[in-house]
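Trainee: Protein sequence lines correspond, in order, to chains G and F. Quick note, the first sequence lines up with residues 1 to 287 if you use this note's numbering. Quick note, the second sequence lines up with residues 1001 to 1504 if you use this note's numbering.
Treat the hints as calculated values from the structure; they're not laboratory data. Do not take every clue at face value.
Computed list of lysine-lysine pairs in DSSO-like fashion (alpha-carbon distance at most 27 Å, straight line) [unchecked claim]: (1) F:Lys-1163 to F:Lys-1039; (2) G:Lys-108 to F:Lys-1402; (3) F:Lys-1080 to F:Lys-1226; (4) F:Lys-1195 to G:Lys-191; (5) F:Lys-1293 to F:Lys-1195; (6) G:Lys-111 to F:Lys-1163; (7) F:Lys-1299 to G:Lys-9; (8) G:Lys-9 to G:Lys-108; (9) F:Lys-1402 to G:Lys-111; (10) G:Lys-111 to F:Lys-1294; (11) F:Lys-1402 to F:Lys-1294; (12) F:Lys-1039 to G:Lys-111; (13) G:Lys-108 to F:Lys-1019; (14) F:Lys-1080 to G:Lys-111; (15) F:Lys-1023 to F:Lys-1080; (16) F:Lys-1064 to F:Lys-1042.
Every beta carbon over 12 Å from chain G, so not counted as near; a handful from chain F, in silico [as the list claims (entries may be wrong)]: (17) Trp-1044; (18) Leu-1146; (19) Thr-1196; (20) Gly-1249; (21) Gly-1295; (22) Lys-1299; (23) Asn-1380.
Backbone N, C-alpha and C fix where the C-beta goes; we use that ideal spot for every residue, glycine too.
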Amino acid sequence: MKMKYRSKKGAERASLVAIHAILIIISVIWLIPFLLMIILSFRGETVGTSADYIFPKQWSFNNYIKLFTETKFLRWYGNTLLVSVAVTIFQTIIILATSYALSRLRFKMRKPLMNVMLVLGMFPGFLSMTAVYFVLKEINLTQNLLGLILVYSASSAMQYYICKGFFDTISKSLDEAARIDGASRHTVFIKIILPLAKPIIIYTVLSAFIAPWGEYMFSSFIMLGDPDQFTVAVGMKSWLDNSSLMSDGYFAVFCAAAVVVSIPITALFIWLQRYYVEGITGGSVKG
Amino acid sequence: MNLEYLKMSPLEKFWYNFKGFFKRLPSAFAAFFKAIPKKLKKFWLAFVGIFVNIGAAAKEGDWKTRTSFAVMGFGLICRKQFLRGILYLFFEVLFVLYMVFFGWKYLAKMGSLGEVAVVTGKDPLTGITTYTYYDNSLLILLYSLLTLFVIAAFVYMWYHNVKGNYLSQQFQEARLHLPSVKDDIHSYADENYYKTLLSIPMLGLVIFTILPIFFMVFIAFTNYDKAHMPPSELFQWVGFENFVNVLGGGISANSKVFAFTFTEVLLWTVVWAFFATFSNYILGMIVAILINKKGVRCKKLWRTILVMTIAIPQFVSLMFMSQLLADQGLLNNLMLKWGWIDKPIPFLTDGTLARVMIIIINMWIGIPYTMLICTGILMNIPQDLYESARMDGAGPIRAYMKITLPYMLHVTAPYLITQFIGNLNNFNVIFLLSGGNPPLDMSGVPTGAGKTDLLITWLYKLTVTESQYGVASVIGIFTFVIVAVLSLILYNRSKSVKNEEEFM
Chain G
1 MKMKYRSKKG AERASLVAIH AILIIISVIW LIPFLLMIIL SFRGETVGTS
51 ADYIFPKQWS FNNYIKLFTE TKFLRWYGNT LLVSVAVTIF QTIIILATSY
101 ALSRLRFKMR KPLMNVMLVL GMFPGFLSMT AVYFVLKEIN LTQNLLGLIL
151 VYSASSAMQY YICKGFFDTI SKSLDEAARI DGASRHTVFI KIILPLAKPI
201 IIYTVLSAFI APWGEYMFSS FIMLGDPDQF TVAVGMKSWL DNSSLMSDGY
251 FAVFCAAAVV VSIPITALFI WLQRYYVEGI TGGSVKG
Chain F
1001 MNLEYLKMSP LEKFWYNFKG FFKRLPSAFA AFFKAIPKKL KKFWLAFVGI
1051 FVNIGAAAKE GDWKTRTSFA VMGFGLICRK QFLRGILYLF FEVLFVLYMV
1101 FFGWKYLAKM GSLGEVAVVT GKDPLTGITT YTYYDNSLLI LLYSLLTLFV
1151 IAAFVYMWYH NVKGNYLSQQ FQEARLHLPS VKDDIHSYAD ENYYKTLLSI
1201 PMLGLVIFTI LPIFFMVFIA FTNYDKAHMP PSELFQWVGF ENFVNVLGGG
1251 ISANSKVFAF TFTEVLLWTV VWAFFATFSN YILGMIVAIL INKKGVRCKK
1301 LWRTILVMTI AIPQFVSLMF MSQLLADQGL LNNLMLKWGW IDKPIPFLTD
1351 GTLARVMIII INMWIGIPYT MLICTGILMN IPQDLYESAR MDGAGPIRAY
1401 MKITLPYMLH VTAPYLITQF IGNLNNFNVI FLLSGGNPPL DMSGVPTGAG
1451 KTDLLITWLY KLTVTESQYG VASVIGIFTF VIVAVLSLIL YNRSKSVKNE
1501 EEFM
């Protein structure tokens, strides 16, 4: 009996060791590209695309200095930050309002509206771009950050899904009690639902804030031809597409830019990770 | 549900339901068509109801109500419902001004899409050629659509105006209290709160999503392309020509190429979406299970390491990877130096290898995300299920197949479907990683698309680099139909899961 117990424990230990080994391997696989990116960003010497070594022969901050003095990166960074902050505000308000209306209020068009938005979400968004471009052009907002903000925020109602799912999980008896006490639907939304929805608000804010940093399709189209209005994604891609820059060692500058873009967002994300997880598991899942 | 079904593995169940969907499709269609007369009747009644209401208002209404047929809100203003009345009147004035000064000009030309694009002349003083632009087909189409939207909104408002005026007359006749301005304003925080909340989101949706979609659908019936570029050229209506061309029935040699490219790209899009979704889903779940296992240390550390990939903007990691894996990229250079290979491995330049690499890199990006979502749900699975499975002699793999996977599929079905749809239209991964390359040929004829192009990236190329708007719109419509059908199948499937195997 004792022997058996011990051997079982041994097997468990062996499997635990194996799991740790696997986790270490996974972590290495996931971290290597980022470490590589950081290491390459410190490369002091100019090598074209033909570099065949990892560690710089000369460690230096030159790429970072170059990034902020010789390129438009700082401007792009400011553009993206501005767009993301504005979009975060508008998008969060729109999504919360839509989700509350669809989750709690009952009106004739509720079901059809939800179905229509579901179907609209399946349209390849890019195709509408041509028309959106001309709409923007008529109100003089192409090559303009305001236009980009408008495009990003305007259709955010379609992303109600996860947030509505979260609101659905908040008990309705709360609203009913407040309504009996004479609270209007507006008061219920502001005073009761919103304070309980902290995880989903943080989730919405975080995803809205991150999205403009990685969006390429719309921003490249709207900002076409005006490098002063680029976002970081469009700007950095324009370096990669320029082969003379690349053979001039711009890959290292690209890596430096990538590090500068990543650090604040990663920090924010790791800080708010807990709420993000609560929000998405509460909302996207039928528990 | 029969016993055999319950014995099946999740994969078999999926296949069973998948087949079932197509088997049921004919009868579902039949039911749909059978329901049409009933629906038509309902629709007809509602339609007739509108005219009955209008007729009643015209017949029974007093002069104030009748005047408001022409002057919107008149009756309301007379009955001291100033806010509503003035809003209706304001709307009417706005509409008339819009139509007279703007809308009508464009709507009148919608049938022809313009007759004269540009007139060139010589400036008599300087001798420089001048261009005077007249009709711009694009703007004509766009604004006439907008005008149609505005007219629809006006008709809707007008009907409500008639109904509202008549109602307030009836209220007055019955000596009931008419809602005052204050009541009206209050109602927008209460019974009508949904209008307050939804008006701005819906306005954005109509202008930036619905109007453009209608525009795109109309463009599919025109010959808008490089040779017909406003403002210097006009484009015309061409009927179904673009549709015929894309399906390979056209006369031009291009038509065959389009049909070929469309099938190739479509196939890869579906294959990609399937593998991208399920590889991420299953492996991400396994990673979550490994981290969650009792006795594993530093759970938080492992999670944080993986979460970093979500936090770092996708475009950064994707572009970095594309540089790393290029033929002259660092990875190939290193392996050449170390003598592992003789010539560069075409990671992203060989069709098949590029497809495999893209799916693998997508796993690198997507697994942490699934891991994060699964972690919370996994903890909700009752542990005694596993206990009893172990008592019955089930190993970890069996326990996974019989307990974990069905439970997770049950709970995360909505997430899985959104992921699948998202992957069908996943622009970033393909465009930033391979740019759709390597090029796809049809027995030597270049098609303009690449072997890793999805429908959406091909569309991007067709519009941005080739300006083939008409054809691109057709492909967009097809893409939409395909995505809609596939997601309907999946939704159907997820509903059946919910009903059939209620967990616990």
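Trainee: Taking the hints in turn, state whether each one holds.
Mentor: Status of each hint after checking the structure:
A distance of roughly 25 Å separates the Cα atoms of F:Lys-1163 and F:Lys-1039; the hinted pair therefore holds under the 27 Å criterion. Among the hinted pairs, G:Lys-108 with F:Lys-1402 is inconsistent with the structure: their alpha-carbon atoms are about 43 Å apart, more than 27 Å. Of the supplied pair hints, the one linking F:Lys-1080 and F:Lys-1226 is violated, its CA atoms being roughly 59 Å apart against a limit of 27 Å. About 19 Å separates the Cα atoms of F:Lys-1195 and G:Lys-191, which keeps this hinted pair within 27 Å; it holds.
For the hint pairing F:Lys-1293 with F:Lys-1195, the CA-to-CA distance comes to about 49 Å; that exceeds 27 Å, so the pair is violated. With a C-alpha separation of about 24 Å, the suggested pair G:Lys-111 and F:Lys-1163 falls inside the 27 Å cut-off, and the hint holds. Note on F:Lys-1299 and G:Lys-9: the hinted pairing holds, with a Cα-Cα distance of about 21 Å set against a maximum of 27 Å. For the proposed pair G:Lys-9 and G:Lys-108, the alpha carbon gap of about 62 Å is over 27 Å, so the pair is violated.
For the suggested pair F:Lys-1402 and G:Lys-111, the alpha carbons sit about 36 Å apart, so the restraint of at most 27 Å is broken. At most 27 Å may separate the alpha-carbon atoms for a hinted pair to count; G:Lys-111 and F:Lys-1294 exceed this at roughly 44 Å. The straight-line distance between the Cα atoms of F:Lys-1402 and F:Lys-1294 is roughly 20 Å, inside the 27 Å bound, and the hint therefore holds. At most 27 Å may separate the alpha-carbon atoms for a hinted pair to count; F:Lys-1039 and G:Lys-111 meet this at roughly 17 Å.
Between the alpha carbons of G:Lys-108 and F:Lys-1019 the distance comes to roughly 36 Å, so the proposed pair goes past 27 Å and is violated. A threshold of 27 Å between alpha carbons decides the hint, and for F:Lys-1080 with G:Lys-111 the separation of about 35 Å lies outside it, so the pair is violated. Between F:Lys-1023 and F:Lys-1080 the CA atoms are separated by roughly 62 Å; this puts the pair beyond 27 Å, and the hint is violated. With a CA separation close to 32 Å, the supplied pair F:Lys-1064 and F:Lys-1042 exceeds the 27 Å bound.
Listed as outside the interface, F:Trp-1044 is consistent with that label: its C-beta sits roughly 18 Å from the nearest C-beta of chain G, beyond the 12 Å cut-off. Interface exclusion of F:Leu-1146 from chain G breaks down, the closest Cβ pair being 9 Å apart, not more than 12 Å. With a minimum CB-CB distance of about 8 Å to chain G, F:Thr-1196 fails to clear the 12 Å threshold, and the non-interface call is violated. No beta-carbon of chain G comes within 12 Å of the beta-carbon of F:Gly-1249; the shortest separation is about 23 Å.
The claim that F:Gly-1295 lies off the interface is violated: its Cβ sits roughly 5 Å from the closest Cβ of chain G, which falls inside the 12 Å cut-off. Its beta-carbon lying about 10 Å from the closest one in chain G, F:Lys-1299 breaks the requirement of being farther than 12 Å from that chain. Chain G draws F:Asn-1380 into its interface by the beta-carbon criterion, the shortest separation being 7 Å against a cut-off of 12 Å.
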